[in-house]
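Kindly produce the complete structure, drawing on both the sequences and the hints.
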Amino acid sequence: MNILYIMFDQLRFDYLSCAGHPHLETPHMDALAAKGMRFTRAYVQSPTCGSSRMSSYTGRYPSSHGVQFNGYPLRVGEWTMGDHLRKAGMSCHLIGKTHMVADAEGLERLGLAPDSLIGVRQTECGFDPFVRDDGLWAEGPDGFYDQKRSPYNAFLQAKGYPGDNPWRDFANAAVENGDIASGWFMVNANKPANIAEEDSETPWLTSEAIRFMEEAEANSDQPWCAHLSYIKPHWPYIVPAPYHDMYGPEHVLPAVRAAAEKDDAHPVFAGMMANRIGESFSRDDVRERVIPAYMGLIKQADDQMGRLFAWMEATGRMKDTMIVITSDHGDYLGDHWLGEKNLFHEPSIKVPLIIYDPRPEANDTRGTTCDALVEAIDLLPTFLDVAGGTPAPHILEGRSLSPWLRGECPSWRDYAMAEFDYSTMPLCEKLGLAPKDARLFMITDQRWKFMHAEGGLRPMLFDLRDDPDELVDLGASEQHQPVLDLMYDRLQDWALRMSQRITLSDAQIIARRGKSDRKGILLGLYEPEEVAPELTEKYRGPVPKRNS
0 MNILYIMFDQ LRFDYLSCAG HPHLETPHMD ALAAKGMRFT RAYVQSPTCG
50 SSRMSSYTGR YPSSHGVQFN GYPLRVGEWT MGDHLRKAGM SCHLIGKTHM
100 VADAEGLERL GLAPDSLIGV RQTECGFDPF VRDDGLWAEG PDGFYDQKRS
150 PYNAFLQAKG YPGDNPWRDF ANAAVENGDI ASGWFMVNAN KPANIAEEDS
200 ETPWLTSEAI RFMEEAEANS DQPWCAHLSY IKPHWPYIVP APYHDMYGPE
250 HVLPAVRAAA EKDDAHPVFA GMMANRIGES FSRDDVRERV IPAYMGLIKQ
300 ADDQMGRLFA WMEATGRMKD TMIVITSDHG DYLGDHWLGE KNLFHEPSIK
350 VPLIIYDPRP EANDTRGTTC DALVEAIDLL PTFLDVAGGT PAPHILEGRS
400 LSPWLRGECP SWRDYAMAEF DYSTMPLCEK LGLAPKDARL FMITDQRWKF
450 MHAEGGLRPM LFDLRDDPDE LVDLGASEQH QPVLDLMYDR LQDWALRMSQ
500 RITLSDAQII ARRGKSDRKG ILLGLYEPEE VAPELTEKYR GPVPKRNS
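In this text, residue positions in the sequence shown follow numbering that gives the first Met the number 0: the first is 0, and each later residue adds one.
What the hints contain is simulated information worked out from the structure, not anything from laboratory work. Quick reminder that beta carbons are idealized off the backbone N, C-alpha and C, glycines included. The reader is advised that the hints may include incorrect statements.
The following label-pair restraints were derived from C-beta to C-beta distances [stated by the list, open to error]: (1) T314 <-> S115: 30 to 36 Å; (2) R511 <-> A217: 44 to 50 Å; (3) K261 <-> A217: 54 to 60 Å; (4) D178 <-> G142: 19 to 25 Å; (5) R74 <-> G142: 23 to 29 Å.
Here it is in structure tokens:
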């Protein structure tokens with residue numbers, strides 16, 4: 000069986016109609032959910048792109064793989080999805096975005112050429128890249144944000160779009176009075192991007208995915224995993240016609256926020272509310288411009304899912320391909336007086352997760368939902384299970400979701416974890432923290448959401464049963480000290496997990512027990528008769544004669 004692993008960037012869990020959005024219809028993703036299982040409480044392990052994705056691609060927490068924020072290199076030698084799946088006989092390919100930064104110093108130290116097979120896999124997060132495009136071809140006074148080549152820009156140039164960066168000038172900009180109306184300026188979010196819809200980023204990557212599947216099956220019988228990683232609905236918030244005006248201010252849901260959230264707010268929360276992004280998205284006029292464009296980007300994505308699934312159905316590929324739809328994180332969009340995603344409220348840290356498993360064993364769960372506490376790091380163990388590989392719990396910190404897909408009720412985790420390192424943000428300096436202390440940890444269970452802040456700051460706590468919108472912070476409540484104590488016990492248990500001994504499994508360690516005697520190590524013996532004769536044979540007998 001093959002695996003199509005689809006990830007959108009910055010797609011909120013509640014912006015699908017199957018998740019209850021009252022205005023945004025996503026019939027094609029809904030249809031996949033009707034044929035599969037939708038997980039209602041799926042959490043990423045970090046609310047920022049690079050860190051979250053590295054957890055998904057390694058099956059490990061940020062503090063295990065070390066990528067705590069965007070721009071942090073993934074160290075050479077870290078086990079990735081490609082490493083695990085290739086060992087199990089399944090190839091692993093990339094179509095789109097990873098937001099990975101290569102460990103250039105590590106490659107040089109080990110003498111690995113970046114253009115060698117192993118070098119490419121180390122620089123591409125373990126994938127064999129079919130097309131790699133992180134989709135942020137932004138340029139400032141000091142140069143480009145991304146120094147790599149843009150395959151999407153090359154595609155646009157081949158289609159006749161002029162200039163050295165049509166991503167900037169056409170795909171992510173409108174036109175006003177003959178001038179570029181950049182999508183970076185949110186005032187332009189209600190304008191149509193100056194590009195033919197079929198040439199925009201989401202249709203382009205969908206076409207690349209179809210091309211990959213055609214070539215993969217023409218050239219090999221090996222099962223494959225293809226990571227189709229879309230750039231949108233990530234900002235810049237602008238979308239081509241006809242999607243730019245499908246939605247308007249009348250479709251924008253009221254912001255989930257309360258004035259009381261600003262009263263004696265947690266210092267980290269207060270700092271994020273006060274930054275430029277938070278202040279912008281606290282304005283109703285900004286939300287009324289941006290959110291309709293965000294919805295249009297999602298509608299376009301759903302239409303492309305319809306195109307992709309129809310092609311797979313017509314070519315028979317739906318019968319032997321597991322399809323996963325998820326996101327790397329969400330987007331506050333003004334909820335809790337915030338924009339972007341850099342805290343642990345549900346709009347940021349909880350993501351959509353739909354899994355369609357074509358195997359007969361999954362027939363009983365089609366069209367159902369699962370409320371278990373699922374983590375993004377569970378996907379890689381699931382894929383390894385599908386590939387028929389040997390489980391690797393000494394490396395992978397997630398757990399296979401296969402039992403849920405089969406309708407079983409396995410013994411499962413009591414809480415889900417996430418981490419966030421904000422040491423590179425100006426907020427760290429404003430709070431007077433050392434980089435090592437600018438760290439946040441989240442624990443959520445079936446009722447409570449807990450956030451711990453290093454640096455001597457108080458925790459945050461929300462009662463998801465009585466306060467599902469997370470508007471009342473109970474972190475300073477003496478009445479809730481028993482809940483806080485429980486959460487700190489859990490945080491300690493999690494922090495003491497075995498996460499770095501990845502070169503030997505428990506089974507290998509157990510198999511080694513008692514074997515040192517047979518290698519000639521005989522510690523603690525007083526006389527040879529204490530052990531079997533064959534163990535001391537090399538240490539008994541006549542003394543060899545020296546040559547004269």
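So, going through the hints one by one against the coordinates:
1. Our hint of 30 to 36 Å for T314 and S115 holds, since their Cβ atoms are close to 34 Å apart.
2. Against the hinted window of 44 to 50 Å, the Cβ-Cβ separation of R511 and A217 comes to about 46 Å, which satisfies the hint.
3. Taking the beta carbon of each, K261 and A217 are about 59 Å apart, inside 54 to 60 Å as hinted.
4. Roughly 23 Å separates the CB atoms of D178 and G142, a value that falls within the hinted 19 to 25 Å.
5. Between R74 and G142, the C-beta spacing of about 26 Å keeps the proposed range 23 to 29 Å intact.
When held up to the earlier numbered hints, the structure conflicts with none and fits them all.
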